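Respectively, the protein sequence lines represent chains A and B. Numbered according to full-length UniProt numbering, the first sequence spans residues 1 to 418. Numbered according to full-length UniProt numbering, the second sequence spans residues 1 to 418.
Incorrect hints may appear among the rest.
When chains are identical, the list treats them as one kind, so a pair holds in a single copy or across two.
[As the list claims (entries may be wrong)] Here are the simulated SDA-like pairs of lysine to any residue, each with C-alpha atoms no more than 25 Å apart in a straight line:
{"#": "1", "residue 1": "K364", "residue 2": "M108"}
{"#": "2", "residue 1": "K115", "residue 2": "V381"}
{"#": "3", "residue 1": "K97", "residue 2": "S389"}
{"#": "4", "residue 1": "K157", "residue 2": "H391"}
{"#": "5", "residue 1": "K364", "residue 2": "R291"}
{"#": "6", "residue 1": "K214", "residue 2": "L14"}
{"#": "7", "residue 1": "K157", "residue 2": "R98"}
{"#": "8", "residue 1": "K115", "residue 2": "M236"}
{"#": "9", "residue 1": "K157", "residue 2": "E11"}
{"#": "10", "residue 1": "K157", "residue 2": "G387"}
{"#": "11", "residue 1": "K97", "residue 2": "M312"}
{"#": "12", "residue 1": "K345", "residue 2": "Q297"}
{"#": "13", "residue 1": "K73", "residue 2": "A213"}
{"#": "14", "residue 1": "K214", "residue 2": "G43"}
{"#": "15", "residue 1": "K157", "residue 2": "T10"}
Everything labelled a hint here was simulated from the structure, so no lab data went into it. Quick caveat: nothing in here was measured; it's all calculated off a predicted structure.
There are 2 protein chains.
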Amino acid sequence: MKAEIIAVGTELLLGQIVNTNAQFLSEQLNAQGISVYFHSVVGDNPDRLAAQLAIAHSRSDLVLLTGGLGSTKDDLTKEVVARHVGRSLKLEPQALKRIQRFFEARQMPMTENNKRQALIIDGARVFPNETGLAPGMAVKHEGVHYLLFPGPPGELKPMYFKYARPYLVELSPDQHVVHSKVMRFCGIGESALESRLLDLIDNQTNPTIAPLAKEGEVTLRLTSFAKSKADAEQKMASLIREIQARVGKYQYGWDEETLEEVLVRQLHHNNLTVAAAESCTGGLVCHSITRVNGASQVFPGGIVCYANDVKMGELGVPPEVLGQDGAISERTARILAEEVRKKFKTDLGVSVTGVAGPEQQERKPVGLVFIGVAGEHKTRVYKVNVGGSRHTVQTRAAKLALFYLIRTVEELVGNQSG
Amino acid sequence: MKAEIIAVGTELLLGQIVNTNAQFLSEQLNAQGISVYFHSVVGDNPDRLAAQLAIAHSRSDLVLLTGGLGSTKDDLTKEVVARHVGRSLKLEPQALKRIQRFFEARQMPMTENNKRQALIIDGARVFPNETGLAPGMAVKHEGVHYLLFPGPPGELKPMYFKYARPYLVELSPDQHVVHSKVMRFCGIGESALESRLLDLIDNQTNPTIAPLAKEGEVTLRLTSFAKSKADAEQKMASLIREIQARVGKYQYGWDEETLEEVLVRQLHHNNLTVAAAESCTGGLVCHSITRVNGASQVFPGGIVCYANDVKMGELGVPPEVLGQDGAISERTARILAEEVRKKFKTDLGVSVTGVAGPEQQERKPVGLVFIGVAGEHKTRVYKVNVGGSRHTVQTRAAKLALFYLIRTVEELVGNQSG
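Please put together the full structure from these sequences, using the hints given.
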């Protein structure tokens, strides 16, 4: 099945926003074994969209459209697609009810324009919008499937997972089973990871292995194709065992989970708590933890000790340590982690102190970072170099701090998590 | 002049990366007064790229291609465009020299594949690559201009500014001067801002006004076209005066500057310091400030007081305040801001306490946030509702905290900044 994605929206052609929807849908379609051959973007212009639909019709079996389902007169995707497939628009009662309830709840008047959002193409399968107002839909015309989605990613993604993916699975009942898994790594660079897996990557056919580096993390996407689910999973399992035997100690999680989600879950699961003392990351470790719902169970708080006065006054770093070793040192990191643990009466304390740049500090190079992790009986300090821009140094240092915390919890509880 | 942008690369169709180059080029072309009508993405496949070039040739005057200029056999943009315009490829001596020097400097052998990067389309204008190896180029065929750029943004952007932009200016010597400015607002929603400027937006022709909402911020991009620079600036100036008369109190900056950059600059400029006590934002205000180079001059640190124990123990919030009013209250926000200011001996103290969600807290709704700003003589507490996802609540609350700080500094120093 050949797929293509058309995004509708002048704001994309003006460069005001990036077409992240095309990335999301491509990733999902490929994971389902559907190949994407083209992306395109057209503005809010009926003639150019119609011309683009004609091109897509001639070369694809599956056309996904994003955007242009809103309530303003610029939103014309439904109208143009309806004309393209030779059908009319009609009101969808469920969608209309949702919109009416939305305005009632806010005690705002509903205009005729808002009603337009409840129009669907006659005969289309409706994809309800559970996080917004405009429903999506699917319609088939001369063997080509057209799927329409709202533009906001917060509406498109849940709609895709709940309604569009099942629709696409129905389309190809005899399709091979596609099984995909993402392994997430931290504390190892992309090239170091790849070099340890080079023979596996070079000889990949099924499952395939796709490495991808993000700031401070590396992921491996494994995809296996097989005739049955059991078969696909078995193929995958032996590859995963082989990868874990080589680089398993750097893996922190699976699929879409983040470092902070894994950490909060592990802490929660083991009834442990953590506090943080942050210098160069300025609060990013604390904030990352509080991004996770339920963080309050495991995280009472932390100290941002950007200035040396705060390191001394709030966290008891002796002036002579700052004088002799400096703020960016093994000893300072150790004391910060131990003291913040005591101060907040937590099971673990973590600290980050380093040179975020752009200038060096204490004659130490940009990117040099010390990360301390203190437990009841032991404190470990990691010295790392995460050189790059200020943003890169802060992001990578915070991710490593989360990663070392995860490792520490795993060690403490005898690696039961995973 | 009608332009379109074609990105070449299977990694885009697999969803491994986002097409940020299309955004960058669109923004630049629009700023130069060139309208972009289509974006497309094709994989590393000669037939599909050739077909896409034929479509582009039929509808555009200017076709910008990104990617596919590298040294591997997947990189085929030059070959396919050469065939499309009926020309051959030839070695470009300057580019070859650069590549040779690159490998010599690294004492690495240069392969035949690397040499391919120095090939250009016969008769093309060369765009040297000063941050990489593969040169870009421009070639004209049947009235249509084809511009080829390397895919990595770090190579494309400098090449665009130094070589492609002058080329495009030459193409339209009688083109009007284009002058563009972005006004940045916080503390007001997009629809509220638009409704106060409705007549200006409805009647826009020159300058044009394009509003855009980002998480917690709204921007207005003003673009004026004129025969001379003085003319363009004058047209712009009167529009800016009109906008500022209506919504000036919500403007915090210009063009690409961030809230934290404006705040750090203003604090620095006025010899002021700030400390932060954060509950629901968990360190995001602190971290935002430390993202700015030079933050250490104005920001000693802060306290992340996620748990009530920390609010009491570290920041002296009396238990009876937490018992009567709750942690999410005007009184708590006030005390946190005042106490953190005292504790860190700063000129200003800021606090954030609210319901990040997804569940309500203290029977208060998700999105309710109190932001305190304490100075030497006065503390002000702002009660806001920034409902949405956990991420949205945290982001908007942190941005508002930065915005209220900026306003406070402006008031303190008699609005000299701006």
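Hints, verified against the model:
1. In this assembly of identical chains, K364 and M108 lie within 25 Å of each other by CA distance solely across copies; the values are 22 Å between and 59 Å within a copy.
2. In this assembly of identical chains, the alpha carbons of K115 and V381 never lie at most 25 Å apart, being 60 Å within a copy and 40 Å across copies at closest.
3. Taking the shortest Cα distances, K97 and S389 sit within 25 Å of each other only across copies (23 Å), while inside one copy they are farther apart (50 Å).
4. When the C-alpha separation of K157 and H391 is checked against a cutoff of 25 Å, the pair qualifies only between copies, where the shortest distance is 16 Å, while the shortest distance within a copy is 28 Å.
5. For a Cα distance limit of 25 Å, the shortest separation of K364 from R291 across copies, 19 Å, qualifies, whereas the shortest one inside one copy, 32 Å, does not.
6. When the C-alpha separation of K214 and L14 is checked against a cutoff of 25 Å, the pair qualifies only between copies, where the shortest distance is 15 Å, while the shortest distance within a copy is 27 Å.
7. Proximity of K157 to R98 under the C-alpha cut-off of 25 Å is restricted to the intra-copy arrangement: shortest distance 19 Å within a copy versus 45 Å between copies.
8. Taking the shortest alpha-carbon separations for K115 and M236, neither the intra-copy value of 48 Å nor the inter-copy value of 38 Å comes in at or below 25 Å.
9. Taking the closest pair of Cα atoms, K157 and E11 come within 25 Å of each other both inside a single copy (20 Å) and across two copies (21 Å).
10. Taking the closest pair of Cα atoms, K157 and G387 come within 25 Å of each other only across two copies (20 Å); inside a single copy the shortest separation is 35 Å, beyond that limit.
11. In this assembly of identical chains, K97 and M312 lie within 25 Å of each other by CA distance neither inside one copy nor across copies; the values are 61 Å within and 47 Å between.
12. Taking the shortest alpha-carbon separations for K345 and Q297, only the intra-copy value of 14 Å comes in at or below 25 Å, while the best inter-copy value is 31 Å.
13. With identical chains, the CA atoms of K73 and A213 are at most 25 Å apart between copies only, with a shortest distance of 19 Å across copies and 41 Å within one.
14. Within a single copy, K214 and G43 get their C-alpha atoms only as close as 31 Å, which misses the 25 Å cut-off; across copies the closest is 20 Å, which meets it.
15. For a Cα distance limit of 25 Å, the shortest separation of K157 from T10 qualifies both inside one copy, at 21 Å, and across copies, at 22 Å.
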